[in-house]
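**Student:** Read off the chains here:
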Amino acid sequence: MHRRILAGDRLAAAFLVGCVLFNYPLLSLFDRHAAIAGIPLIYGYVFFAWAMVIALIAWAIERHVR
Amino acid sequence: MLDLSVIIAVSLVYLGLLFAVAWWGDQRADRGRSLIANPSTYALSMAVYCTTWTFYGSVGRAAVSGIGFLPVYLGPTLVMALGWFLLLKMIRIVKANRITSIADFISSRYGKSHRLGGLVTIIAVVGVIPYIALQLKAVSSSISLLLGYPDIVMPGRSATTSVAADISFYVALILAAFTIVFGTRHLDATERHEGMVAAIALESCVKLVSFTAVGVFVTYGMYNGFGDIFQRALDDPSLRQLLGAVPSGQGYTSWFSLLFLSAMALLFLPRQFQIAVVENVNEEHLRRAAWLFPLYLLLINLFVLPIALGGLLHFAGQGVDADTFVLTLPMALRHEGLVLLVFIGGLSAGTGMVIVETIALSTMVCNDLVMPLLLRSHKTLLDDSRDLSRLLLTIRRGAIALILLLGYLYFRLAGEAYALVAIGLISFSAVAQFAPALIGGMYWRGGTRGGAMAGLSAGFLVWAYTLLLPSFAKSGWLPADFLTQGLFGIDLLRPQQLFGLTGVDEISHCLFWSFFANIGAYVGVSLLRPPMVAEATQATVFVDALKDTGQRGAALWRGRARVGDLRDLVGRFLGPGRAQTAFAAFAKRHGAGSADEMEADARLVQFAESLLAGAIGSASARVMVASVAKEEPLSIEEVMNILDEASQLRSYSRELERKSRQLQAATTELQEANERLKELDRVKDDIMSSVTHELRTPLTSIRAFSELLHDDPKMHLADRQRFLGLVVSETERLTRLINQTLDLAKIESGRADWNGCELDLTEVIDRSVAATSQLFREKEAQVIVDLPENSPLILADRDRLIQVMLNLLSNAVKFLTPGSGEVRVRLRVLGEALEVSVADNGPGIRPEDQQLIFEKFRQVGDTMTAKPSGTGLGLPISRRIVEHFGGRLWVESAVGEGATFRFTLPLTSARQPLEAGPA
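Residue numbers (our numbering), protein chains in the order written: chain Z, 8 to 73; chain V, 498 to 1416.
DEER-style ranges, computed between Cβ atoms: (1) V/F985 <-> Z/A58: 49 to 55 Å; (2) Z/G15 <-> V/A517: 40 to 46 Å; (3) V/G1017 <-> Z/G15: 29 to 35 Å; (4) Z/A58 <-> V/G1074: 48 to 54 Å; (5) V/F985 <-> Z/R39: 45 to 51 Å; (6) Z/A58 <-> V/A813: 31 to 37 Å.
Examples of chain V residues toward chain Z, derived with CB under 8 Å: (7) L571; (8) T574; (9) L575; (10) A578; (11) W581; (12) F723; (13) G724; (14) F727; (15) Q728; (16) L731; (17) L740; (18) Y749; (19) F753; (20) L792; (21) L795; (22) L802.
None of these hints come from the bench; they were simulated from the model. For clarity, every value in this text was computed on a predicted model and none was experimentally measured. For each residue, glycine too, the CB sits at the ideal point set by N, CA and C.
All chains, full assembly: derive it from the sequences and hints.
**Tutor:** Listed below in structure tokens is the structure:
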């Protein structure tokens, strides 16, 4: 039961982290004409943050079944 | 090569394949080996979210606003993080109440209200129609592009062509026919369509593969990877701005609005609700879907920007619509296989959406709009015993055709003025209006039917005024003055600068005002009056969905019904066979031989209603059941009592459990007390009989000697002295016997006085040995005392322990051979206890006597040879004393080898308070 509650808290945390990562003002920090390894900064950032949030969700929700 | 016949053939083969998968899925479901009962299928079917909007429209959006196409996929990702709370609760509610659609959900929450269900249905249909138009537009323009192959000719305005020559009209017709055949082959006893879900999951795979293929083709075939495309775009001043400024033009407000709207859409679009909630097979599937579905979204968006930039670079200045890049890029390079694959991908995206959306909407139209109206206007329908399942199917089929035609109509009227994504966003804004009533209803008990009606109506009207009507105005079907001058020329009423609100995009503008009106009306009207009976009942069912698995609804029905009536009623909608089976299964579950033996109680009525709800919606089901069951109305007080009872019942039952535990403990105590009483009674009897017997012996000898002395006055002085000495000793024995008997009786009854104090056992032994030294001297025996330097103190009664030691020592002396006797007294510390042993070298005790000596009035050894010299109570008393202090007293002996009496006293007892009274 404890683990279930923990998973719930982690998911809520993932949601909040996502809300912050995907919105102003964090987004504006990457809003500039620059590129890393040929990838525009904003494009790289959004996809990277997105993948992280998905990984976080997967970790939180699938972890305690095993 | 790509002429009309090829296109038609490919399309038909693909649709046929879908049909086969759906048929197979239904077959498997009927045989109980569900095709869709795995979490990945569930996640893939949720990807019905990705329509032609995603497939064609995202690229168009990206070509205008760069990364601005993304928030509509980030929003669903965030919702899936919360899915474990929100979706799980929705799934539980839907399963428990056999809810068939989102209209059913909302109407059920606010007391199974027909009017509310109808309103939600109207909002859903009107709101989603632009979205269906979007699919028609995308599919038909892909077809007309293909027909132009190998040239790239942008489709003309279909509004200028006649309906008969319009491709999108035929697309609408074919899709309607396909959906009708596909989705309403039979009226399900359940509200679920397994075959459809399987086909949708397949379509999701096709979409992803097809889009990724184009992405790879453009990125690596036409250009040299991501870096190359981005570099070229950065070098082009007109494209450069797409890669920086986030949501070009409208700023972060627009970004946030899209994020929020898409999150709402994922929950409340009728097709998403259908797939994610109604068609959910197992709530555990949510786990995988929570990350696999967002991952799908990420993958399908990976190549959007490269394709958009590639298209802009390739078609620079050629006037090619960016919404078509996915198709026109492979066409421009004459890659026919890929062109067909893309066409199929777009077709999947379009058909998937249309199938699920129209099935969900048609269910709503049938259950929440048409059936209630029919039931109201044609009361005979209720009394008639006709099979109504065919009527239901007909209504649904009609609804599907109607919805697609309305979609076509919207496309003709307004579709041309907008890009794909802009059309979709109009629909998103409409379905977001369900959020306050639905989410509020799941977490707030105070929401009322009136509040929900007011909120939904207000939100819908504002949406229509600020988004829908302007879309007609922009297409020229309403005067343009309406937009620029406002309604009746009132400046404050300009639909997209309502009350002078400027500086935000039209979607954010609509979102703000519609939610302002919606939430305001919902909360405001709800607070006007307390919830009524039906509302309070359903509020509890919904709000406590995750807490309570009990059949609460059943408790809230009171009345009379006949089993036969209920079964016939269900049979009219599900078919008599199915009804028969369902009722028999229900009877079996509840331990009755057949349904006819059952009483038509609240449970059965509830069951019948939920069966019906699966087919015709909860509001209609309630009306139908009410027509055959005589329900006695419950007052609000009664309902609240029942609801309170449920929670009170839980606390009562806890209280009851506690009481019963107490009672059990008390009973056990009483039993023990009773046992003790019986035991004491027995002991008393024993003692009485033994004592009378034992007293008789000394009394007899005293009497005999006294008579001798009395009868013979001339007796010699020496004899007289001897006889008197015997009388005295027998009297002493008698006194001792009586004292010990009383002592033992006291100990056994627990009334003995115990004086506890900390004492040193070595001192007790020393004193006892000193006290008995005279006895040893008389027998010329030796006492060897072996005591440790210092022994731990124990808590016990000094006098009682001395009594024990004296008893053991005097017993030992008694059996010693005069002259060579030897007694060893030893004290040892054994970890948790002290052990005292008194060993003699007398004749020993036979094994069979070793237990007897601890029984009352038993003396062994010299009974045959000499008269008893003890009372037979010393050892029993000693044992009781030792046991009282938590120790043990026993004997070890063999005949001829002497006897060793040992007793232990635990050290732990030193720390426990010594109680007077029962041990």
